[in-house]
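Trainee: Please model the complete structure; the sequences and the hints are all you need to start from.
Just so you know, we're using the working numbering here: the sequence shown kicks off at 563 and counts up by one.
If you are wondering where the hints come from, they were derived from the structure by calculation, not from laboratory data. Fair warning: there could be bad hints in the mix.
Stated by the list, open to error - Label-pair distances were calculated between CB atoms; the ranges are:
(1) K656 - Y732: 43 to 51 Å
(2) N719 - H997: 36 to 44 Å
(3) G883 - S751: 32 to 40 Å
(4) K717 - R905: 44 to 52 Å
(5) S977 - G721: 37 to 45 Å
(6) N931 - K1040: 45 to 53 Å
Ideal placement from N, C-alpha and C gives every residue a C-beta, glycine not left out.
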Amino acid sequence: MRSFVTALLLLLYTSLPAQDRMAAIKSYFSTLSENRLYDGNIALSENGREVYVFSAGYASYSQSKANHPLSRFNLASISKIFTSTAVLQLRDKKKLQLDDPLIKYLPEFPFQDITIRHLLTHTSGLPNLELYEAVIKQYPDSVITNASVMPLLQKWNKGLYFKPGDQFRYCNTNYTLLAILVEKLSGMSFPVYLDTYIFKPAGMRNTNFNDTGRVIHQVMPTYYDSVPVPVSTVKRYRYSEYNNQASIGPSNVITTVGDMLKFDAAFFGGKLLKLSTVEEAITPLKLNNGKEHSEQMDTMLGEGTGQYGLGWEIFNQPGFGKGVGHGGFKFGMATFYYRNLSRKQTIVAYTNGTSRFGENVTSCFYMLNNKPAMSIDLKKSAVRTYAKALIEQGADHAAALLHLFMADTTHYYFSTKEMNFLGYDFLYQASFKGHQQMSLETFKLNTFLDSGNFNSYDSYGEALMETGAREDAVMMYKRSLELNPKNEGGIMALKKLLNK
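Mentor: As structure tokens, this is what we get:
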């Protein structure tokens, strides 16, 4: 009897932290939902079991269609993991070797020193989206596909950016070429190959390439309106989101958070690759000098560093050990897939309208490990209120109100970064009468509020240049470069202005 009671007490004791953790997770997501602070889905799992799935906001604002657990979304650059897996499957079947030059299999490829490994690790030195600028300038309605890449590389006359293997430079062209390679060696189209050898074996029934009619809509939140702007209507994003939106290999796998959890279990369970190959895929690359490439993590917040393997991002977070996965970005949405290897915890998330995505996914990881989530600031944005006043009541009244909001720190917070974003929202995303003048007013005010920041003058200079005020733009860019002489964007813009 005593042993039974002891066992029962132990069971109760060990389950309490799990109950507390779930309560914290539910409370956190409830706060996000009630205050409309998240749009998208987040799925959490541990030891192969689903812990929690959260859905909020709209998959389509125009149709008032809510996000739900089966909402399909574009993985963006997380798609590279699938391309890498396909290449490694072919390697394990002895169809190729990673250190083979690509030209061995694709003789029309114009760079003989680039290997398959260079493509997988982004160390090829190839051009990225700039490869397509000339053809899109000549034919503005053209859409780049995988078939476009090889002819354009053959015409590229600027050479490689560096000797293959010397540097890491993230480049989508690498993964378009890998998709072409998979098709050549398998005799199958790339979508059919992934469906046959990855999606179906992993049980991913809601994953494909061609379901764009039901995928979540890409929208851009603005600081001047509560209703986001469809990305497809913003001229500034046309180059990336229209002209360059059709390539497969680097992007465009469409899935659900649940299917990504199935992939996670299948990949790390050895169903898609040998476990030794899995380990190889998540081993950091080494450059020609023998050193591992390393940089600051960009989605998970904190002191972690990021590295790259064979199509996988590698995360080293102090106190939590090694994690792997990938992030993705398209204008109007962001995606993130993360697996902590030692703790066997997985986060899959996407957002189509959230400005604090990094805080959200970091909080998820903290809560999975019984740490408090990052605090949620429920204060109102002084910048959003300023924007509304600027539109409805004019510049003078809006500026006067902004001073009041900035002083009321109990109810409002102020961010010069948000002011900068607002200026760009007015400049590039708005289409109503007077939006350019409102952009100039916002940027001008921000140079006084953030006078020590080179970027304030750089942004104001850009708006002045866009609206034809050349001499004023020159003054702002010069001031920006006084504060930061290494501002390459400012240097290029100033040269362009002075050469006119």
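Trainee: Would you mind marking each hint as holding or not holding in the structure?
Mentor: Right, here's what the structure says about each hint:
1. K656 - Y732: 43 to 51 Å: At roughly 30 Å between Cβ atoms, Y732 and K656 fall outside 43 to 51 Å, so the hint is violated.
2. N719 - H997: 36 to 44 Å: holds (40 Å)
3. G883 - S751: 32 to 40 Å: With a Cβ separation near 39 Å, G883 and S751 satisfy 32 to 40 Å, so the hint holds.
4. K717 - R905: 44 to 52 Å: With Cβ atoms ~49 Å apart, the hint holds.
5. S977 - G721: 37 to 45 Å: holds (42 Å)
6. N931 - K1040: 45 to 53 Å: Between N931 and K1040, where Cβ atoms are some 49 Å apart, the hint holds.
The structure fails hint 1 only (numbered hints given earlier).
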